[in-house]
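Novice: Residues per chain are reported as follows:
There are 2 protein chains.
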Amino acid sequence: METKERILKTALDLYNEQGVHTITSRHIAAEMGISAGNLHYHFKHTDEIIQTLYNRLAVGFDAIMAAVGAASDINLDIMKEFVSRSLELTYKYRFIFLHFVEIGLRIPAIRKDYHALTQRREKEFLAIFDKFKADGIFKQDIPASVLEALVTQIFIMGDFWLSNNELTGKLKGSKAIAYYSGIFASMFYPYLTKAAQQLMYDAN
Amino acid sequence: METKERILKTALDLYNEQGVHTITSRHIAAEMGISAGNLHYHFKHTDEIIQTLYNRLAVGFDAIMAAVGAASDINLDIMKEFVSRSLELTYKYRFIFLHFVEIGLRIPAIRKDYHALTQRREKEFLAIFDKFKADGIFKQDIPASVLEALVTQIFIMGDFWLSNNELTGKLKGSKAIAYYSGIFASMFYPYLTKAAQQLMYDAN
DNA sequence: TTGGATTTAGAACAAATGTACTAATTATTT
DNA sequence: AAATAATTAGTACATTTGTTCTAAATCCAA
Numbered sequence: 001m002e003t004k005e006r007i008l009k010t011a012l013d014l015y016n017e018q019g020v021h022t023i024t025s026r027h028i029a030a031e032m033g034i035s036a037g038n039l040h041y042h043f044k045h046t047d048e049i050i051q052t053l054y055n056r057l058a059v060g061f062d063a064i065m066a067a068v069g070a071a072s073d074i075n076l077d078i079m080k081e082f083v084s085r086s087l088e089l090t091y092k093y094r095f096i097f098l099h100f101v102e103i104g105l106r107i108p109a110i111r112k113d114y115h116a117l118t119q120r121r122e123k124e125f126l127a128i129f130d131k132f133k134a135d136g137i138f139k140q141d142i143p144a145s146v147l148e149a150l151v152t153q154i155f156i157m158g159d160f161w162l163s164n165n166e167l168t169g170k171l172k173g174s175k176a177i178a179y180y181s182g183i184f185a186s187m188f189y190p191y192l193t194k195a196a197q198q199l200m201y202d203a204n
Numbered sequence: 001m002e003t004k005e006r007i008l009k010t011a012l013d014l015y016n017e018q019g020v021h022t023i024t025s026r027h028i029a030a031e032m033g034i035s036a037g038n039l040h041y042h043f044k045h046t047d048e049i050i051q052t053l054y055n056r057l058a059v060g061f062d063a064i065m066a067a068v069g070a071a072s073d074i075n076l077d078i079m080k081e082f083v084s085r086s087l088e089l090t091y092k093y094r095f096i097f098l099h100f101v102e103i104g105l106r107i108p109a110i111r112k113d114y115h116a117l118t119q120r121r122e123k124e125f126l127a128i129f130d131k132f133k134a135d136g137i138f139k140q141d142i143p144a145s146v147l148e149a150l151v152t153q154i155f156i157m158g159d160f161w162l163s164n165n166e167l168t169g170k171l172k173g174s175k176a177i178a179y180y181s182g183i184f185a186s187m188f189y190p191y192l193t194k195a196a197q198q199l200m201y202d203a204n
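Sequence order for the protein chains is B and Y. 94 is the number that our numbering gives to position 94 of the first sequence; each next residue is one higher, with no gaps. 161 is the number that our numbering gives to position 161 of the second sequence; each next residue is one higher, with no gaps.
Hints may be right or wrong, so weigh each one.
[Stated by the list, open to error] Computed, partial: chain B to chain Y, Cβ under 10 Å:
1) 143
2) 169
3) 171
[To be verified] What the simulated footprint calls covered on chain Y by chain B, stretch by stretch (three residues with Cβ under 8 Å from a Cβ of chain B suffice, anywhere in the stretch; the number is not a length):
4) 1–15
5) 188–201
Calculated directly from the structure, the hints in this document are not laboratory data. Yeah, the Cβ is synthetic: ideal placement off N, Cα and C, and Gly gets one too.
Could you put together the complete structure from these sequences and hints?
Specialist: Here's what the structure looks like:
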């Protein structure tokens, strides 16, 4: 693996473990056994490392969304798959979510990009919910404003379940993902028709 | 106002505006027009300032919870009042929530305290939900696991609505509080009985 | 008013940080 | 093999930070 890639990998590990403001370029270099000068040959500014990692996260999410878009029919199983993949990706780049506001302040480009992203995603989610209504998965009589609020809830939960985990239980890896996947599933439950609720409980 | 109190006030303002890792004891002193030496006479360690502010937040929340406990009957109006007061307090000490993980890492005592707090609160919420069920406010047929998940949702939403606001809309003050109060109300909607749903919509 | 306590300013310090610079080493191309 | 380019280590520097120390100023009680 070339040095540049090793820097990114080491940075990701250290950031995930100790947070973005604790870890400096010197820490990353030391951990790798290279000089700080060398590191800064590959990344002139430390922020570029964070920016690059964020970009990879964004690309990863695009891939997940593309998979949902490619599905011939969007149903609850597809959504489950979507949730599970999203949580895994989130966990892989968890330092970003654990320090999202801090990073957004430090690198405004990231905040702007994220903001644009959520606006796109909001429409996509509302379209999916419409389809769920039409297909008898979601109840018919839910006000539009409640569904819009649900989208915001999904964003907040998706972005900060890791912070909640950090502040409370501190479940690790797949255990955390499994637990919060359950939370996400429960989140949808009261919006489902009786038939869909049955289906969900049979599945477990 | 004595110097110590002015330090706390200035620190709160600066932390809220610029985050906890950007603002140093020197910044706070400079903003007040006092020397850094003087500041450190009142607070030997900068972390003590953060700790003190966190304690005040915790006391504030206890007061809000006490008000709920004192109510003769817990109904949706009481809950609305609870949400609105909580959001206001959260906004007042927003730097804590905007940098919760960071602060929890920096001052472990805060994380421990918060952790203990949520465990107490979880039971309180579940008791309230039980009462809502008995009183025909919540639907009867909601599985216990779904209600437990709802409590976690409430915690995550309560702790991170401000971070979501920071990363996206950046609504200010009362506008942010009003918007996210609406999100919280919608969050409960699908759990309510038809009668309670009607009541909620009449109220608006 | 005098003497002790409290409060304050300002200087000083060690550690850490981001990054630039230089020179050496290594890799690649011709 | 020679020339050129890429990579690397190591040094250096200005800035910032938390904190300590000293001495002056201010306050307060007797």
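Novice: Would you mind marking each hint as holding or not holding in the structure?
Specialist: Going through the hints against the structure:
no.: 1; hint: 143; result: holds (8 Å)
no.: 2; hint: 169; result: holds (8 Å)
no.: 3; hint: 171; result: violated (12 Å)
no.: 4; hint: 1–15; result: violated (count 0)
no.: 5; hint: 188–201; result: holds (count 4)
Violated hints, in rising order: 3 and 4; the structure is consistent with all others.
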